[in-house]
Each structure stands twice: as C-alpha cells, then as structure tokens.
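Below are the chains, spelled out letter by letter.
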Amino acid sequence: MTSESSKISTEAPVGAVLVVGGGIAGVQAALDAADAGFHVHLVESSPAIGGRMAQLDKTFPTNDCSMCILSPKLVECGRHLDIDVLTCAELIGLEGEPGRFTARIRRRARYVDINKCTGCGDCLQQCPVRYQPRFRVAREPVRLSEDEDVLVGSLIAKHGRSRSALLRVMQEVNAALHYLPAPVLQRLADEFAVPLSVLYRIGTFYTAFSLTPRGRHTISVCTGTACHIKGAPKLVEELQRELGIAVGGTTPDSAFSLQTVRCLGCCALAPVVKVDNRIYGGVKSGDISKIVKDHI
Amino acid sequence: MPKVRTRQELETLRRELMARRDSAATCISVCAGSGCLACGGAELIESFRDCLSGIEPADTVGLRVTGCHGFCERGPLVVVYPERIFYQRVRPADVPDIVAAAVGRIAPVERLLYRDPVTGEVIRHEYDIPFYRKQRRLVFENNGLLDPMRIEDYIARGGYAAMAKALFDMTPTGIIAEVKRAGLRGRGGAGFPTGLKWESAAQAHGGDKYVICNADEGDPGAFMDRSLVEGNPHSVIEGMMIGARGIGASEGYVYIRTEYPLAVERLENAIAQVRAFGLLGSRILGSDFSFDVHVALGSGAFVCGESSALVASIEGNPGEPRAKHIHLAESGLWNKPTVLNNVETWANVPLIISRGAEWFAAIGTENSRGTKLFSLVGTVRNTGLVEVPMGTPLGEIVNDIGGGVPEGRSLKAVQTGGPSGGCIPAELMQLPVDFDSLQDAGSMMGSGGMIVMDDSACMVDVARYFVEFLVDESCGKCSSCREGLKHMHAILNRICAGHGRESDIALLEDLCDVIANASLCGLGTSAPNPVLSTLRYFRGEYEAHIHDRKCPAKVCKALLRYEIIPENCTGCGACRKRCPAEAISGEKKAVHVIDPGRCIKCGMCVDACKFDAVGVS
Chain H
631 MTSESSKIST EAPVGAVLVV GGGIAGVQAA LDAADAGFHV HLVESSPAIG
681 GRMAQLDKTF PTNDCSMCIL SPKLVECGRH LDIDVLTCAE LIGLEGEPGR
731 FTARIRRRAR YVDINKCTGC GDCLQQCPVR YQPRFRVARE PVRLSEDEDV
781 LVGSLIAKHG RSRSALLRVM QEVNAALHYL PAPVLQRLAD EFAVPLSVLY
831 RIGTFYTAFS LTPRGRHTIS VCTGTACHIK GAPKLVEELQ RELGIAVGGT
881 TPDSAFSLQT VRCLGCCALA PVVKVDNRIY GGVKSGDISK IVKDHI
Chain E
8 MPKVRTRQEL ETLRRELMAR RDSAATCISV CAGSGCLACG GAELIESFRD
58 CLSGIEPADT VGLRVTGCHG FCERGPLVVV YPERIFYQRV RPADVPDIVA
108 AAVGRIAPVE RLLYRDPVTG EVIRHEYDIP FYRKQRRLVF ENNGLLDPMR
158 IEDYIARGGY AAMAKALFDM TPTGIIAEVK RAGLRGRGGA GFPTGLKWES
208 AAQAHGGDKY VICNADEGDP GAFMDRSLVE GNPHSVIEGM MIGARGIGAS
258 EGYVYIRTEY PLAVERLENA IAQVRAFGLL GSRILGSDFS FDVHVALGSG
308 AFVCGESSAL VASIEGNPGE PRAKHIHLAE SGLWNKPTVL NNVETWANVP
358 LIISRGAEWF AAIGTENSRG TKLFSLVGTV RNTGLVEVPM GTPLGEIVND
408 IGGGVPEGRS LKAVQTGGPS GGCIPAELMQ LPVDFDSLQD AGSMMGSGGM
458 IVMDDSACMV DVARYFVEFL VDESCGKCSS CREGLKHMHA ILNRICAGHG
508 RESDIALLED LCDVIANASL CGLGTSAPNP VLSTLRYFRG EYEAHIHDRK
558 CPAKVCKALL RYEIIPENCT GCGACRKRCP AEAISGEKKA VHVIDPGRCI
608 KCGMCVDACK FDAVGVS
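So the protein sequences, as listed, match chains H and E.
631 is the number of the first residue of the first sequence in our numbering; add one for each residue after it.
8 is the number of the first residue of the second sequence in our numbering; add one for each residue after it.
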C-alpha cells in the first residue's frame, strides 16, 4: 500500500471501510477494522455471513473445530455496533480514490422485515418447499445390495415419500437388517429429499436404531426399576463375562448382541432377560450360561 | 363380515351375540398377557386346545384366551367360569385334571388353588383372594372376561354402546360437559383435567383436529397401559372415538412402544376388526361422524412420552419437546388442534358416557375422581396389576392387596411416578393415593408404577439408578438437564463408590434446584425428584455413605466385602465351583476362604451357598 499512499487525497478520509464478502476472511477483516475504530460495511451476497468455514469439520493444522472458531466471530460481528452487515447484497460499482470511495450496492429483497424477525423459525416449519441443497458434492450413485434395494423399494411403495413416513421406513429397515447400513441411509436421503444429516440425527436419537451390524440374536436385559432392585445389574455383568462383550457390543462370530432395555413391562417376573422375542423371568446369575447355550 | 350400519343393527348384533353366550356354561379362561406368556402361557393354551378338542360333545366347555388378569406373580393363570375357580402357576401337565374337573363339574384341582400365605387357607374363587377382593375394577373389569382378538366379545359385553350414545343422544358439547362433570383427570401422570383439555381443543380454530392416545409407557416398572392395550384394546379405541366426536376430530393416532410387540399386534388387529365392522370409517352408524385411527410406533425414546415430543415423533422428527406456550389443544400435530391422552384416560371415557358422570364422580376423592391402575412390583409378595379407587391409603395397597414384603424383611419405601416421581418412606403408609397427596409428599402419581422396596434396597443406589436412566434418556435440548444430570450422576457414583465428599449433599441440592427451574419439559423439571425425595426422607443413608463409607443396605459394591463365615461353612465347595474369578479356595470339607484381591463381588457365592456361610459386610 505504501506505493499507492502517495495517491491518497489530501482531503480528510471518511471513517468507514467497505469489506466485500462475508466469509471467515471478511468477517475477521471487518472485526479488526471495526475494533480499530472504523465503521464497517460488510457486504455479503448470500442471505447469511459465515461462508465456507461452516461446512468444514476441522481446521489445519491444529484440528480445531471450525464452528468453534467461526461462531463466536459471527455473533461478535452481528452485534458489533460499528459493523453494518448487508446480506443479500452485491457491490455493483466503485468510484473515487483511496480514502474517499463511493460504492454502489444492490440489495435483493429479503421478504422478511429483519427489524421484526426474532428468528423463531416458525416460518421455516410452514414453508412448503422443504429442502433445496445450496451446494452439491459430486458423488457416485449409491450402490445397494440386491436385497437392500428391493427392501427400500418395497417400503417406499408401501409408505410413500412423505416426511412422516420416513421414521416408519427407517424402523422397518432396522427391523429387517438389524441395523441401518450407511448406503441405505444415503439412498433414503435421496429418495425422501432430506439431508443425510437428518437421517443420522434420527438414527442416533432413537435407541431402537443401530448404525453398526448386530448379531443374529439380541439379548436384552431389562434394567427397569423392579428388575434393578431384584438384581439386573448382576445379570448384565454375568452376560458381559459369558459373552466377552460390553453392553452394546456384538460377539466376533456375530451370534449375539447384548443390550439393556428400560422395562419390558414384565415387572412381576423380575429380573427379566429377553432373547429375541423369548422372555425369561426370575433369572439368576447362574442361569445365564444356560440361557446363552439355548440359542447357540 | 357384516357391516353395522345403524345403531339398531349394533343392538341387534349385541343381542344375537349375547344369546349365543350362555353365562351358565363352563368356560376356561386362560391369561395370555405378556407376563403369563413369558412363563409358559403359550404352551398352556395349546395344551388346552388339544385337550378340549377331544371332548365329546364339542363345545361343552369353552376356551377363552384373555388379556392380563393382573395377578402376574402367580402366572400362568386359569379361571374356570361360571364358578370363577382360580388356578395359579398352571403347567401343561395340569391341563387334563383341570378339564376333567370342569367337564365333570367336580371338585377343583386342589394343588393348583391359591393358598393364603398368611393363614394357609386354600381359596377356591377368584373373588375371595385378598389380592382381588380389595380391588375395585372398572377400567380393568373386562380384561379377564373377553378375548382381545375378538371384537364380538367386546360388543357382547356392551362395547361401542357408549359411542352410539355419544353419537345419537348427546351433542359434542354435551360429551365434553359430561367428562368435565365426572372430574376425570389425565392418567398419564400430571393429572390435567381431561374435560378442560377437550374444551380448549373444541374451541380452537382450525378445520382438521386430531386425537392421540399416548401408549408410550416408558416409566420403568409400569405396565398398566400395556396390559390394557393387550387385554382390552377396543375400550381405548371407543374412548378415542367419543373424544374425537367431542372435539370434532376425524383422525386419531395411537403412539405405542415398539418394545411391546404383543400390544401392537392386538391393537392393529382390533383396529382392523372395527374397520371391518364399519364402526370406524366414514359416516359411522349412519351419523355424520367419520373417524379413523392409525398406529404410530415408537423407537425407544423415553422422552417421547412427553406430549410435544410425541407429536414431533409422529411427524417423523427426533422426539424433542418444545416450549408449550401454546398448548397442543390449539396447535399440536401438524400445527392442528390436538387432544393427547393416556391409554387409561381414554379407557375411562366409555365408562363415564355409559354410566354417567355422577356415578363416576362418586368414586374416589374430592379432587381425584374414579379409580387408578397401578402396577405393584418390587419386593412385595403379590406383584401384579391393581385397580383401586383414588384416595386408597398406600399401606392398604402394599399390605392388604400386595401382601406386604416377604417374610423376614421390612418395608422401607414405595417408589411411585417412575423417574419423575419419588420415594415415599414406610412411615407415610397412611397417605391417601391421589394426585395432590402424592405431590405434597414429594412424589407424583405418574402413570402408575408402584415399586415396593424392602430393607435390602439402598436409597442412594436407587437415586443413582434413576439419574442414570435420565442421563440416558435426556434428549439433550436443555443444557441444565443434559449437563446437570451428568454431574449429579457423577456425584452419586462417587458417593456409591465410597469417595463422597462432605459438600456433596449441598451440591446435589443446588443442582436439583437448577435442573428443576431451568429445563423446558416435564422430564427435566421433574428429573431431580428421585434425588430430592430420597434426600428428604433418607438423608441418613447418604451421610452413612459419605461420612462412614458404609452402605447400610449392603448394595454398593465398592463398600462391601465378601467373607466366609467359618462356623457355617461345611466345605462343600459349591461356592468355589461357581466363583467366576477363582477367588475362593479351600480343601474339601474344610473351611473355604475368599481372596479379597481377586473377588469381583458378583454375589454368585451367596446364591450358591446353601448354609448361609457367605457373609457380606
């Protein structure tokens, strides 16, 4: 800038800075300039500042979480009294000389009065257009095994592609395959036109779903209150020892998966162990090896 | 299948069905609830089928496969009508004897009859057994009397008459007024007046309205709703239809746990049958009322029992609650006015409509009308399902119906209300069980789980158990609940492991305060209850863990030591063979020793020893 400083007008510079582009670089520049005492106009063409960084998981070289770096800066930028955030806006002309520019900016209509909007998200719920990916990552089409392909096809034929059918379809996939394979989730995301992250959110929220393959037999120890006070924790320990796996695990030969379940509603028979759909009542630690052998 | 097109046709059908049912005929009713099926009920039913098919002439003895009778402790249960002879713990080998006694109308098979554990007296009839005698069964009345897979049974017992009455003799506002006058309060736990809820939904704007039945019975230790759906699904459907007529809804959902496969099967079967009979669909019984019911399956999330989370789950989203500044009655499922009630609440509705609000309001207490179902479980002699009028003293339920705790034990506490409830100590056994009294005692009604604990239960461990449950089940939306519970769990773990700090009790109380006040939904705000109520009534136990590093109930493993009592040990070696850690050594017929370094405190040696020679200190 030193070579150009000679061109700076002798008139007193105006105390405002224009930053074009509201990605992480623009946000940081705006913050630095504003903290140095300038009034900043931050122009961003998309409806929100933040740019690419929000799409990244980790940052080089420290592996810090990118959102953890970005989001405080966004909040600071949004709240800074000396930063004027102009979203949905583009620079269409610049005249003048260093120290005294006149910029022309076109703002597109937002159709929302930002002075009144509280960001409650209710309009989002009501909008009939559900999902429009703003960026697409090129990838190969999802390949499913023949069985999976037939299964997904038949479930969609049965339940349709409505948003409320999605959970039911996931339940039936999980019931048929004992887990939700990643390619099937990707296919469902495409079929239902929802982001894959929504399926993972559902898949990890509900305990009935598993993202990893399970064994042929599922052993569930009821850890409801009645079973707990009648000794269910000891049964869990005994099963872990007998099978050599932790709760949630599957034996290397894929024969058994072990899980705990909160109440099977057979409290009168406590403590209760369920193998697949067979319920064993009044189980003692000593009965465990026999119950396991019944199913080998 | 004949479609029932008018109210007249329904009555005609009922008369025909009644005529075919001879109340004096011998009928063997076998319980096919989940409990009885788990202890051999399925094989038993097969044996009865085989055995009865060989009887001449056919149909001299009927067989009825019914829903849960309630006395699960003694299952599988068989009741022979018309005398109502009660057989318990019946095995397939007993079938010929029972059939012979029933066919010949001779004396019942004595070895299978119930014997009073206190007096030793043999009791023949179902209604004389103390467990049943003290109950008042209204909602549960038909459970042992009808086959849940046959709508004909329900119609013959007066089913869908209340719906017909609501359609033709009452106006929608009249239905709501009747429910309001009856004083019915929600049986799901919070006890909100049902009539008020219906009224605001009826007045809410919006064309489509919905009714939802909450059958996501997540409270550990509660299975009333499961038994009701398994044993009498039509009563729930009829209740929903009446509610739908009242508020002007034409669609309903039953949200049911996937962990209850039998209940789902029977509910789906029931819905299919009602549809086939034309009692569900458009223009029911020729009126202008159209209604249909769908089944939505849960996926194993406790929080989905919360109304707004349940609605989110039906919509296909993760079940996270939302702030209820606007009630579901105004903006619920798909933002339409929605009435959501528990299974038991819906099942009460046909009773109120058919027998009248005055009849219903005469049962129970001033502010809690009607009866309530409880699942009486834990360390109590008679476990099972109990229905009593509201206001029955807790001690009467536990001691008179439940038969008290087993011999040699003493009652310590009764836990009600699931993870949102609390522990009521033995001193408060005269407490009347209704919504308000339980609330005042630091617990809550909840959906009706009642877990009896004797002196072998450690109250710190119980609190830790519930907090652990809630840590797993917190949806994670509010940080006070998500993080606060984790910290409470860590503190309780520390106390149970013998590393409790002097300041821990005060810290727990602080955390309870924050979680209760800063969380959004009912799950979060009531989450501290198990800790608060045990701190209130059993503070001494917390102090014993922290100050003396002792677990008075001998539950917390880290504070225990297993030892062989030399005087009792015969050297039989049973414990040595069973010990999974090879921590027990000793010669044959000599006193054995447990190596504390290797002992993993699994307790197998205690189970294995026949001479009480393994002591825990």
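Careful, some of the hints might be misleading.
As the list claims (entries may be wrong) - Taking beta-carbon pairs under 8 angstroms as the criterion, some of the chain H residues facing chain E (in silico):
| # | residue |
| --- | --- |
| 1 | Asp779 |
| 2 | Gly783 |
| 3 | Glu867 |
| 4 | Ala900 |
No lab work stands behind these hints: they were computed from the structure.
All residues carry an ideal CB built from backbone N, CA and C; glycine is no exception.
Quick rundown of the hints versus the structure:
no., hint, result
1, Asp779, "violated, 23 angstroms"
2, Gly783, "violated, 20 angstroms"
3, Glu867, "holds, 6 angstroms"
4, Ala900, "holds, 7 angstroms"
Hint compliance for this structure: hints 1 and 2 are not met, and every other hint is.
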